[in-house]
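Spelled out, the chains give:
Protein chains: 2
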Amino acid sequence: MRKVVGLAAIASVLAFAAPATAQEKIKIGVSYPTPTHAWAAGMNWHAEVAEKRLEALYPDVDLILVNSPDPSAQASALEDLVAVHQIDALVVLPFESEPLTDPVLNVKKSGAWITVVDRGLSQPGIEDLYVAGNNPELGRVSAKYMKGRLKDGDNIVILRGIPTVIDNERFDAFMEEIKGSGINVLDHKHANWNRDDGFQVMQDFLSRFPDIDAVWAQDDDIAIGVVAALKQAGRDGNGMFVVGGAGMKQIIKGIMDGDDLIPIDVLYPPSMIATAMDATVAHFKSNGPIAGRYILGATLITPENAESYYFAESPF
Amino acid sequence: MRKVVGLAAIASVLAFAAPATAQEKIKIGVSYPTPTHAWAAGMNWHAEVAEKRLEALYPDVDLILVNSPDPSAQASALEDLVAVHQIDALVVLPFESEPLTDPVLNVKKSGAWITVVDRGLSQPGIEDLYVAGNNPELGRVSAKYMKGRLKDGDNIVILRGIPTVIDNERFDAFMEEIKGSGINVLDHKHANWNRDDGFQVMQDFLSRFPDIDAVWAQDDDIAIGVVAALKQAGRDGNGMFVVGGAGMKQIIKGIMDGDDLIPIDVLYPPSMIATAMDATVAHFKSNGPIAGRYILGATLITPENAESYYFAESPF
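Top line first, the protein sequences correspond to chains C and S.
Numbered per the numbering used here, the first sequence spans residues 149 to 464.
Numbered per the numbering used here, the second sequence spans residues 149 to 464.
Hints should not be assumed to be uniformly reliable.
For chains that are exact copies, the list does not tell them apart, and a pair is met inside one copy or across any two.
[Claimed, not checked] When the alpha-carbon atoms are kept at most 30 Å apart in a straight line, the in silico DSS-like pairs for lysine-lysine are as follows:
{"no.": "1", "residue 1": "Lys-295", "residue 2": "Lys-397"}
{"no.": "2", "residue 1": "Lys-173", "residue 2": "Lys-295"}
{"no.": "3", "residue 1": "Lys-173", "residue 2": "Lys-401"}
{"no.": "4", "residue 1": "Lys-401", "residue 2": "Lys-257"}
{"no.": "5", "residue 1": "Lys-200", "residue 2": "Lys-173"}
{"no.": "6", "residue 1": "Lys-175", "residue 2": "Lys-200"}
{"no.": "7", "residue 1": "Lys-256", "residue 2": "Lys-295"}
{"no.": "8", "residue 1": "Lys-295", "residue 2": "Lys-257"}
If you are wondering where the hints come from, they were derived from the structure by calculation, not from laboratory data.
Let the hints inform the model, and build the full structure from the sequences given.
Structure (structure tokens):
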């Protein structure tokens, strides 16, 4: 099975082809962790929507979605996708980088096209296409918004994620961008992309700092915890605002409704799995090249564009 | 006109919708230089193939292709796409960066989505999506192939392109990659991505260096000039090989036929315009995010995969 070539193949696309038999189908495996938290549940939902959409558009494309509860289950799932389904391509969001590198390499060796999403493998060059969010840009976009809202001498606190490369990239880019603005960072602490940790860290900040003008929470789950702490302490007025990140449904809805406390969001969306599925199908259907690195922007979500990023049926 | 949202929109995609009236159509302008040389002619051909393919797939999408002979004509064409066609999105390969930056910014201000291809604008942040080749990787991939074929003490010559950032990126990455391999670079000279210059520069190299094992020509047009010079001098035997770059039809055909002199190629294809058109249509049709930077890989084309990159009807 290879990429469409020349005009003959284009013509068959134009004619929408005859219904393909099972054996003629382009089989694409889509493997990701079992949705045990909200972001992952959103990813699962978006993968299912993309599956329906792409299979309706291309009758000869068969997308096979599999989710796995741990790295070794995901490794087994990849083996099955090759042995049982004989996939022509794989879209994979690895549970962890290290234990999935060899299993994905084995899929590659079977001749399948490989698209890796969000988390890279431990060895470079295995994937044909890499689709991911942009962590430094998430930090920069957040800092630019802060600079636009705050003035010289204003105070902020920062709640960070789990100590990881991702968290460092976001934090370092944020700090670099606000340099020279006169905005004071009173403190920064890890809240582990977690709602409860966000609540507790923010309670601590509120008890220690009487004058906080804004909060960078970096993540929508943390932001929800922060808002709860602000409201409990009665510190949610006077122009106070919180910047999260991801694109959670409740946050987007709040932006659409003109919420003052979380007025914007910065995109790092689980729907990137759909982008990866689109591009992988395009490898078989488009006359354009697909291999490379597709790094999604950390789009600023405002009341003007929020509706485009709101998926009412999604769990996230 | 905005991105599809939620299940209602997905459902209409699944049903392939009713034929859209002219006013309901999603209008996407595609603007690029008039095809006056082979690479640009290839781009024009691929844009037309993508237009037919995408309009057949999506009856409510109208792609409007316009090519322009110079920067000011392209600026006027962009004005018309907004004023006459009221486009919802623009795919643009700017003739030159500086004179097209303000015209593209004006299209952006009309509310249209902007996808920039290959050549960046002078001001960052105007485009929603940037689609381009990978010049450093083109140099690295070429050098890795050289290292695989040559041994310590072997001699090569390098023909460079037009003195530009693109040429420097390719050359610097190549030199960095062969460092420590023991391969000697006898000389490097600019051949301006031109067949005749390639012939002349190679004639000079052949007269000065009696022992050349391989040639990095960086570009398929230069490579064709190099091969002519090698054959005229009777220096095309003894394992001599030439590495070009781009993905020209004649070169790909040679690779498919097992040519010894140009055994591989490195992709920097004009068909990237089709990738940009696919992604721009996906902005209106997919549940996945599209904004960001899509940097295409410099894929190594070998006898094994050459057929996938061969477009018999393309002028390039």
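Hint by hint, here is what the structure shows:
1. Taking the shortest Cα distances, Lys-295 and Lys-397 sit within 30 Å of each other inside one copy (26 Å), while across copies they are farther apart (51 Å).
2. In this homomeric assembly, Lys-173 and Lys-295 never come within 30 Å of each other (Cα to Cα): the closest approach is 52 Å inside a single copy and 39 Å across copies.
3. For the homomeric pair Lys-173 and Lys-401, the shortest alpha-carbon distance between copies (28 Å) is at most 30 Å, but the shortest distance inside one copy (40 Å) is not.
4. For the homomeric pair Lys-401 and Lys-257, the shortest alpha-carbon distance between copies (26 Å) is at most 30 Å, but the shortest distance inside one copy (45 Å) is not.
5. For the homomeric pair Lys-200 and Lys-173, the shortest alpha-carbon distances inside one copy (15 Å) and between copies (23 Å) are both at most 30 Å.
6. Proximity of Lys-175 to Lys-200 under the C-alpha cut-off of 30 Å is found in both arrangements, the shortest distances being 14 Å within a copy and 25 Å between copies.
7. When the C-alpha separation of Lys-256 and Lys-295 is checked against a cutoff of 30 Å, the pair qualifies only between copies, where the shortest distance is 24 Å, while the shortest distance within a copy is 46 Å.
8. Only between protomers do Lys-295 and Lys-257 lie at most 30 Å apart by alpha-carbon distance; the minimum there is 23 Å, versus 49 Å within a single protomer.
Taken one by one, the earlier hints fail for this structure only at number 2.
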